[in-house]
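Novice: Let chain A serve as the given structure and place chains B, C and D on it in line with the hints.
Protein chains in written order, with our numbering: chain A, 120 to 336; chain B, 120 to 336; chain C, 2 to 218; chain D, 2 to 218.
Rather than coming from a laboratory, the hints here were simulated on the basis of the structure.
A couple of the hints might just be wrong.
Unchecked claim - Here are the computed lysine to aspartate or glutamate pairs in the DMTMM-like style, where the Cα-Cα straight-line distance is at most 25 Å: (1) C:Lys139 <-> D:Glu96; (2) B:Lys239 <-> C:Glu33; (3) D:Lys139 <-> A:Asp216; (4) A:Lys239 <-> D:Asp150; (5) B:Lys239 <-> C:Glu92; (6) D:Lys139 <-> A:Asp299; (7) A:Lys239 <-> D:Glu137; (8) A:Lys239 <-> D:Glu96; (9) C:Lys139 <-> D:Asp150; (10) D:Lys59 <-> A:Asp181; (11) A:Lys239 <-> D:Glu128; (12) D:Lys139 <-> C:Glu96; (13) D:Lys59 <-> A:Glu177; (14) C:Lys139 <-> B:Asp314; (15) C:Lys148 <-> D:Glu137; (16) B:Lys239 <-> C:Glu83; (17) A:Lys239 <-> D:Asp129; (18) B:Lys239 <-> C:Glu96; (19) D:Lys139 <-> A:Asp286; (20) C:Lys7 <-> C:Asp150; (21) C:Lys139 <-> D:Glu83; (22) C:Lys139 <-> C:Glu17.
Unchecked claim - Pair by pair, the computed Cβ-Cβ distance ranges are: (23) B:Val303 <-> D:Lys131: 42 to 48 Å; (24) D:Pro199 <-> C:Gly18: 24 to 30 Å; (25) A:Lys266 <-> C:Gly18: 56 to 62 Å.
Quick reminder that beta carbons are idealized off the backbone N, C-alpha and C, glycines included.
Residues per chain are reported as follows:
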Amino acid sequence: MDAKELIARRVAREVRPGSLVNLGIGLPSMVANFVPAGLGVFFQAENGVIGLGARPPEGMEDRHLTDAGGGFVTAVPGAASIDSAMSFGLIRGGHLDMTVLGGLQVDEAGHLANWKVPGKMVPGMGGAMDLVTGAARVIVAMQHAAKGQSKIVPKLTLPLTALRRVDLIVTDLAVIEPTDAGLVLREHAPGVTLDEIIAATEATLIIQGDVPEMMLI
Amino acid sequence: MDAKELIARRVAREVRPGSLVNLGIGLPSMVANFVPAGLGVFFQAENGVIGLGARPPEGMEDRHLTDAGGGFVTAVPGAASIDSAMSFGLIRGGHLDMTVLGGLQVDEAGHLANWKVPGKMVPGMGGAMDLVTGAARVIVAMQHAAKGQSKIVPKLTLPLTALRRVDLIVTDLAVIEPTDAGLVLREHAPGVTLDEIIAATEATLIIQGDVPEMMLI
Amino acid sequence: MKGALKPAAAAEMIPEGASLMIGGFMAVGSPERMIDAIVARGVGGLTIIANDTAMPGKGIGKLVSAGLVRHIIASHIGLNPETQAKMISGEITCELVPQGTLIERIRAGGMGLGGVLTPTGLGTEVEDGKQVVTVEGKRFLVETPLKADFALIGAWQADYVGNLSYMLTAHNFNPIIALAGRTVIAEADSIVPVGVIPPDAVKTPGVLVDHLLIRAS
Amino acid sequence: MKGALKPAAAAEMIPEGASLMIGGFMAVGSPERMIDAIVARGVGGLTIIANDTAMPGKGIGKLVSAGLVRHIIASHIGLNPETQAKMISGEITCELVPQGTLIERIRAGGMGLGGVLTPTGLGTEVEDGKQVVTVEGKRFLVETPLKADFALIGAWQADYVGNLSYMLTAHNFNPIIALAGRTVIAEADSIVPVGVIPPDAVKTPGVLVDHLLIRAS
Chain A
120 MDAKELIARR VAREVRPGSL VNLGIGLPSM VANFVPAGLG VFFQAENGVI GLGARPPEGM
180 EDRHLTDAGG GFVTAVPGAA SIDSAMSFGL IRGGHLDMTV LGGLQVDEAG HLANWKVPGK
240 MVPGMGGAMD LVTGAARVIV AMQHAAKGQS KIVPKLTLPL TALRRVDLIV TDLAVIEPTD
300 AGLVLREHAP GVTLDEIIAA TEATLIIQGD VPEMMLI
Chain B
120 MDAKELIARR VAREVRPGSL VNLGIGLPSM VANFVPAGLG VFFQAENGVI GLGARPPEGM
180 EDRHLTDAGG GFVTAVPGAA SIDSAMSFGL IRGGHLDMTV LGGLQVDEAG HLANWKVPGK
240 MVPGMGGAMD LVTGAARVIV AMQHAAKGQS KIVPKLTLPL TALRRVDLIV TDLAVIEPTD
300 AGLVLREHAP GVTLDEIIAA TEATLIIQGD VPEMMLI
Chain C
2 MKGALKPAAA AEMIPEGASL MIGGFMAVGS PERMIDAIVA RGVGGLTIIA NDTAMPGKGI
62 GKLVSAGLVR HIIASHIGLN PETQAKMISG EITCELVPQG TLIERIRAGG MGLGGVLTPT
122 GLGTEVEDGK QVVTVEGKRF LVETPLKADF ALIGAWQADY VGNLSYMLTA HNFNPIIALA
182 GRTVIAEADS IVPVGVIPPD AVKTPGVLVD HLLIRAS
Chain D
2 MKGALKPAAA AEMIPEGASL MIGGFMAVGS PERMIDAIVA RGVGGLTIIA NDTAMPGKGI
62 GKLVSAGLVR HIIASHIGLN PETQAKMISG EITCELVPQG TLIERIRAGG MGLGGVLTPT
122 GLGTEVEDGK QVVTVEGKRF LVETPLKADF ALIGAWQADY VGNLSYMLTA HNFNPIIALA
182 GRTVIAEADS IVPVGVIPPD AVKTPGVLVD HLLIRAS
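The shape of chain A in the complex, shown without the other chains (with noise of 0.2 Å):
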């Protein structure tokens, strides 16, 4: 299983029975194939659907229907388009109970940036400030660490994307989830030792009692 696979089928295992998920471009839309049917759960793309389903057949795409990413997708029974106005309500409004999205860094606030690199990269920020400040729940699915350098930080370097405490991070490392009292290591990953974590990253963290490995899905 690679590293993105693994952070995949961990962040399937949050996933409640019944509840709206919107899943960022890239390694978050992987979430999707983990989570089982019959879950009842719908998935929210952001630029107008919700009950968003697999790729369709090779010749039966429609230029009408696509992700936020604009790769070809179904509607699952029940779906419902809507337009932006509406799609942003439902986030900024609390009515989304979970997005999963990437990011660049995250710090011991539990603080998210994942829109910028200033000099290099400035994509905009896109649906991540409104994602990051209204959903119900925020997971960030990303690498522990990117071209050796750890991704979990003290204090951001990268702008930050919202004033929001982000709920949980998960990476190909570790499960972290960030507390008033600071980042508290939940799990560990397969074949993973806590001392390789703790080497692995440039922030504090909170070790209570036995960290268990993660469960996949």
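Specialist: Just chains B, C and D, lined up with the frame of chain A:
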């Protein structure tokens, strides 16, 4: 012809081809009877339909299709249903070409009072404040006097509806246009002399040259 | 997938003193069976947030007649003489709000906005006690968000995902209050199998709806 | 009743330096024939207000590639490397706005609001230079309204009243920008006779639409 019909027939002449028009409850709603078919006018009822049609034949009423007074109506071909946010978005956003409203008083500044008589009648402003604030053109259709009291006054004694100057006042005696200089008498009703109008009007009227007789539809 | 409740069971959820947003414009689009069940239960001290209080014997008028209402936030109460009388006697307190402002306040509450800036009401009694903000040299009232414990929806079609569609002038406040109730209960003319309402016809996505009323017998 | 224009005739109406709101999300729901006609005309110095700039060869990306764009207000430009390159070189200036804020600013412009108060962007770069208003003890950014000289709509169905409906994720910004363009031009997949689009399926009432493009040959 009674006074109300006279007023409605004169106001109907103000309706421009292809425009979107909102008619208030009561006297203003009579205007629709005199607007020529084929003018391509759409009537809006602020409760949620663009393309309001005549009352349906008996037995064909539908409880999902009424005007703002709760009376049964029909929908013309090309009608659109709108919710209250869109309805008032169109009104406040200047997309409504014209509204015709009743009045309790209009003063020399062209300010309208039409929603409250303190201590007597407190029905609420409904859509009146939005209509007067936002409609491209505001026409007041009312009797010139009530219980012998002029409704056209130097300064409002009743609560203001909106800061916006109304565009035209049509009464059973006269057509009056509020301007920067004050209230200009534009037309007199058939068989009514200027002296009679002046005597019936508490506010000062500006009379410039000939004052023609009202043209009616 | 939502279950459907008997009206009496739905009414049981509503405690003394609750705040209720109720759809409808002069009772068109109001959830009549739900209202009847509340009257039958007799729970009092209610705050009603709605466009109007209809008339005695219809829609919200039935709650007023039954003496269950303590406070009303509405745009118009003039067509219900009982509401007027109870307001004058002090049994009911009433906040009158311009219709376009009322619907935007509800939308803001439901969509996570801190409020909207509107020109409607400037210079009138509606301005009293409100913050004023200047944007690009123009003054606007700050109108604050509204939420309620319950939103009671009258819809045309529902499915068991909770998706709702509305018909003609029975839309009115319904699609907007569905965003702003902490618990949302929808009464529909019909309930259809999941997948029958086309995604483009859904005006209220099921995620917003907590409970449906069972079909009328 | 609206006539329908050839794309070239519609493009003729757009002068050098005009501001254009354009519907679409990664080009899904964008008016491609209209965009092609603007590229063919070659009028430059445009300000584009849209969710994104798609990618080279698609939707708004064609305007960027043709060098016709001077300023962009968007939420995301990261998937169009040409936009990135032109921004870095200074050929294009860019205001990046959170997606939920952008759509509310356009809605406010179209619906006559002075702006909205949002928590999105608080504490981030987006707050810089903005008014902050406190409502019920919470801080919100004042986000100001946006309008444009033209709104260019991609619709699914149109009729000759100008009524428009949209399909699935091709709604996105289209129904909202239709409120905020001083001149609104709609390109639809099909144009149907008046009366064919059910009133409840109309998402943009014809009153908002100034011109239709003729059917594609």
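Novice: Check the structure against each numbered hint from earlier and tell me which ones fail, lowest number first.
Specialist: Going through the list in order, the structure violates hints 2, 4, 7, 14, 21, 22 and 24 and respects the others.
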